[in-house]
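Trainee: Residues per chain are reported as follows:
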Amino acid sequence: MEHLTNKDFTSDQEVKWCPGCGDYAILRSIQKALPNLERKREDFVFISGIGCSSRFPYYMEAYGFHSIHGRAPAFATGIKLANPNLSVWQITGDGDALAIGGNHFIHALRRNIDINILLFNNEIYGLTKGQFSPTSKKGIQTKSNPHGTTDEPFSPSDLAIGAQASFFARVVDTNPKLMQQIFIEGEGHRGTSLIEILQNCVIFNDKTFSNITAKDVKKDHQLILEHGKPMIFGSEMNKGIQLNGFKLEIVTIGENGINEDHILVHNSKEQDPTLHAMLARMRPPLFPIALGIIRNVNRPTFDSEIVSQLKYEKKNSAFNNVDDLLQSGNTWEV
Amino acid sequence: MEGNNRKVIDLEKVVIKFAGDSGDGMQLTGTQFTDTSAILGNDLATFPDFPAEIRAPQGTVAGVSGFQIHIGRIDINTPGDIADVLVAMNPAALKANKNWIKKGGTIIVNIDSFTKKDLEKAGYENSPLEDNSFEGFNIIQAPITKLTRETLRNSGIEGKSIGRSKNMFALGIVYWMFNRPMTQTETFLKKKFSKRPEIVEANIKVMHAGYNFADTIEALTSSYTVLPASLRKGTYRNVMGNQALAWGFLAAAEKARKELFLGSYPITPASDILHELAKYKNLGVKTFQAEDEIAGICSAIGASFAGNLGITTTSGPGLSLKGEAIGLAVMTELPLVVVDVQRGGPSTGLPTKTEQSDLLQALFGRNGESPVVILASSTPANCFDWSYMASKITLEHNTPVILLSDGYLGNGAEPWKIKSTKDMPDILPNIAKEGKEYQPYLRDKKTLARKLAIPGTKGLEHRLGGLEKEHITGNVSYDPENHEKMCSIREEKIKRIAEIIPNQEVFGGKSADLLVIGWGGTYGSLYSAVDNLISEGESIALIHFNYIKPLPKNTASLLKKYNTIVVCELNSGQFANYLRMNFEGKVFKQYNKLQGLPFTTLELESHFRTLLKK
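Just so you know, the sequences run in chain order A and B.
Numbering-wise (this note's numbering), the first sequence opens with residue 1 and increments by one.
Numbering-wise (this note's numbering), the second sequence opens with residue 1 and increments by one.
These are computed hints drawn from the structure, not numbers from a lab.
It cannot be assumed that every hint is accurate.
[As the list claims (entries may be wrong)] Below, a list of computed lysine to aspartate or glutamate pairs in the DMTMM-like style, where the Cα atoms sit at most 20 Å apart:
id : chain 1 : residue 1 : chain 2 : residue 2
1  : B       : K281      : A       : D323
2  : B       : K433      : A       : E42
3  : B       : K451      : A       : E42
4  : B       : K353      : B       : E53
5  : B       : K417      : A       : E2
6  : B       : K281      : A       : E305
7  : B       : K233      : B       : E53
8  : B       : K436      : A       : E61
9  : B       : K95       : B       : D35
10 : B       : K279      : A       : D323
11 : A       : K16       : B       : D479
12 : B       : K549      : B       : E505
13 : B       : K436      : A       : E42
14 : A       : K315      : A       : E305
15 : A       : K315      : B       : E254
16 : B       : K117      : B       : E130
17 : B       : K433      : A       : E61
[Stated by the list, open to error] Taking beta-carbon pairs under 7 Å as the criterion, some of the chain B residues facing chain A (in silico):
id : residue
18 : R237
19 : K286
20 : C298
21 : G302
22 : P480
The model shown is predicted, which means the values in this text are computed figures rather than measured ones.
The C-beta atom is built at its ideal place from N, Cα and C for all residues, glycine as well.
Same shape as in the complex, but just chain A (with noise of 0.2 Å):
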């Protein structure tokens, strides 16, 4: 198979986000993971819904299609049934995803359909101009509520567990070597793949994430995890996360006896998901945010159990064209 590059993967369309968005990494992050996975380009299916980031696929030289609002995932879904070889991607953002159509979102994830999910966090509503969306910060002043928000934000990690989700990851708009790694083995997982990515609105949300991604904090504010390591971090590489009782804490290595081995490994296979989301829940300035894959076990998917039912059944069935179906049961001569 030929060796493709980014620029196979660049469309001739200009690209319209504002200048110094968080998308334009995200976009040359997956244009860049793409020839890694090996595939030839015409079985990639970028689907997006509404929003800043649902203009995504219309840059990528791949199959696109921008649906409606909230919806991507019902399209994926008939798109990866309708063929199962096909690597789909669905785009979007917190409002597309977890507002509008948070029921598709949730849905997607229980059946474990084997698409990718990008969700392109910047936790405010950019197309629309600046209003509050379901991942905001809670009191922050937007338009559409001057006075603060009252609305408690939804947590997408805890939102995608509950919906028993088979492969969590989170990664920030600032770091594309990350962000190529994961989308890499978000698409080698079999299941649906959520990927959060904490992505800056410059223009109505402008370093809502700067706890996190900002030079001076970032070593000590994000925690990378890797499955089978310790969660080791810090600009001194001397703090760790250990499990006491029920809660996480951090401890310092060389502290109080505390040595490596005291510190949690990593395990991202684990079926059991408390340990994931405590993991995932975790925020600055009390924890670094865990970043990385928090979660991806195996379970199977909705589209390979359909095929192995379609192929049951046509191997087993008495009859396999429609005129043999319709002369079955009662028939009677005239």
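Starting from the structure of chain A, add chain B where the hints point.
Mentor: Only chain B this time, still in chain A's reference frame:
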């Protein structure tokens, strides 16, 4: 037939209604009588009438479930206006049907369920059998419960199962009345309960007991027969509308060499299409019970984009929810069939009752200029032809099609002369081939249809979406002139489908005094009424539409020949207004009904007579 010397009267046609509690097995009883009559060669039509509640309180009028069957040796087009024979398993069943039984008709009641308590539940203070409520009717008081128990006394069958076989006693009585053999039902029972031979035996015994009871009692002075109808030669089967509609899709997918994908959410009265198609994974059918109506249609559009024949099925409220996605299918010009099995509205309305009130929603119920093809089936059996035709149009023209059926058609049944797929027209999906330059919105000069490029096809990668498309390239375009051009192309594309559809036919005189117009599910009643009046010598004709948008090309020239036109529909005049919009200046009278019920032939005849006298 064995039996005594009572006379057998030959009938041209007869309407029988089985009515009881929703747990009494009336649907099964009716279906058995139907199948037996069909095998004897009668033409027939049936209609079940059940409550929206699964098990409404026992013995109440709300919980009455009915099954009406119209059999004849003549052409039968409706399940019949009113019953000649009513089987009422309890007082509630009698009460619910008291206005739907012919004066002087026969009523068979299960007298054991006319106790004080039963009467109270049905809201009767006194037994209607003991006052003069049913004077002039031939009432057969059959102790069905008691005799069923008696029959099975030493059978070892438990009480609950004994109670459940009462319906077989009633069926036995009706089999005797109409001189039908019981063999078909015996075969059915043996198959259905093959693992429980004691249940088979008990049911057969009870049915025979009912038959013998009818043979013995003095009240039934004669039995009847309905001779075979002169149907065209061939192999027949009974089909229900929803079943036929599902099968039409199967045939179309096979003929088009496409996999069939149904994305749907359960809703009365359309769910049976989902149930039917879900059976056929062996034919490669993928049915997806989605999380809601919107996901149902969106998954179907996704499947069409990826190369399947994508369809979605629903009823009125579901069509409302699907509106935005239909607009997307219009914009992206993808194949999609949306089936609306209409029911009474607005809102939740009358889920189990029929109506034709979604026509304007189908035509206009979306944002923007959003034209789609609209077809309407008109008999239970021809639901097959119309889902087939909807698939053909959507795949060849790459444009969404709404197919309107209704609860009356969907649940109604009639004999169907089985078709062979080799006799059905070819379906040639309009798809771009690998290796050629591809412009997503380049069009066929004649039909204006664009070609699809299916994901997985090398070199044809492209992007679709709901934003306005630039002519030919399909790129996003906000250009004012392009938008106007694309709006008119989308409309014109639908109009040009009129070039490939057959001319509208007329039943009756080409320039009769009165032209009756109908569309969709009212065909049986309208045809019967017009046919009866024609045979009485009246100057009347019927034009019944199946192609709603576009209308057949010859419609205008046909309408010119008539001065008095009446449009009959089960809504407040939606099609009449559509015709006014299309044929300015022409006067359309209306005859409308909004009771959740089909037209009766009698009411139509009486209204047409009045119009003819004027």
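Trainee: State for each hint whether it applies.
Mentor: Evaluation of the provided hints:
no., hint, result
1, B:K281 <-> A:D323, "holds (15 Å)"
2, B:K433 <-> A:E42, "holds (13 Å)"
3, B:K451 <-> A:E42, "holds (17 Å)"
4, B:K353 <-> B:E53, "holds (13 Å)"
5, B:K417 <-> A:E2, "violated (55 Å)"
6, B:K281 <-> A:E305, "holds (12 Å)"
7, B:K233 <-> B:E53, "violated (42 Å)"
8, B:K436 <-> A:E61, "holds (17 Å)"
9, B:K95 <-> B:D35, "violated (28 Å)"
10, B:K279 <-> A:D323, "holds (16 Å)"
11, A:K16 <-> B:D479, "holds (17 Å)"
12, B:K549 <-> B:E505, "holds (16 Å)"
13, B:K436 <-> A:E42, "holds (15 Å)"
14, A:K315 <-> A:E305, "holds (15 Å)"
15, A:K315 <-> B:E254, "holds (17 Å)"
16, B:K117 <-> B:E130, "holds (16 Å)"
17, B:K433 <-> A:E61, "holds (18 Å)"
18, R237, "holds (5 Å)"
19, K286, "holds (5 Å)"
20, C298, "holds (4 Å)"
21, G302, "holds (3 Å)"
22, P480, "violated (19 Å)"
In this structure, the hints that do not hold are numbers 5, 7, 9 and 22, in rising order.
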